[in-house]
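Taking the hints into account, I'd like the entire structure generated from these sequences.
If you use our numbering, the sequence shown corresponds to residues 959 to 1076, in order.
Each hint should be verified, as a subset may be incorrect.
The calculated DSS-like cross-link candidates involving lysine-lysine, where the alpha carbons are at most 30 angstroms apart (straight line), are [as the list claims (entries may be wrong)]: (1) K1008 to K1022; (2) K993 to K971; (3) K981 to K993; (4) K971 to K982; (5) K993 to K982; (6) K993 to K1008; (7) K1022 to K981; (8) K971 to K1015; (9) K993 to K1022; (10) K1015 to K981; (11) K982 to K1015; (12) K971 to K981; (13) K1022 to K971; (14) K982 to K1008.
Calculated directly from the structure, the hints in this document are not laboratory data.
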Amino acid sequence: MTLHHAAFQIIEKLDAVVHGDKKKSVWNIITEHIKGSDSFNARYIDCIEKEICSYIKTLTDQGKIALYNETEVAMAEPLENTSPVINSIVMDLGMELLETITDEAWECAGRKESNHAP
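Shown next as structure tokens:
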């Protein structure tokens, strides 16, 4: 599994989460806001972080390490599958996924070329 594949799985979850007062998916709200204001509204960051945490919890330790080894931080010194530092990489992995997801939101909003069709 790649970092982008993981991000797209999280985006699919965000596209399924309907925000109560808007009657739209969180993903649609985020991308529409970017289209309309050329900025990212951090109001929905908690929703993104919640889905990231839920996703990371589903991964095995080996899955977390494999995904982490794709990050820029790990490129300097990849972790081995026997590494005992799983908890310390979860935050870095979460931040990398957040960056990938927000980059994709900008792409979906038409600011960059996108591979995702919600």
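(request) Taking the numbered hints from earlier one at a time, note which ones the structure violates and give those numbers from smallest to largest. (result) 7 and 9
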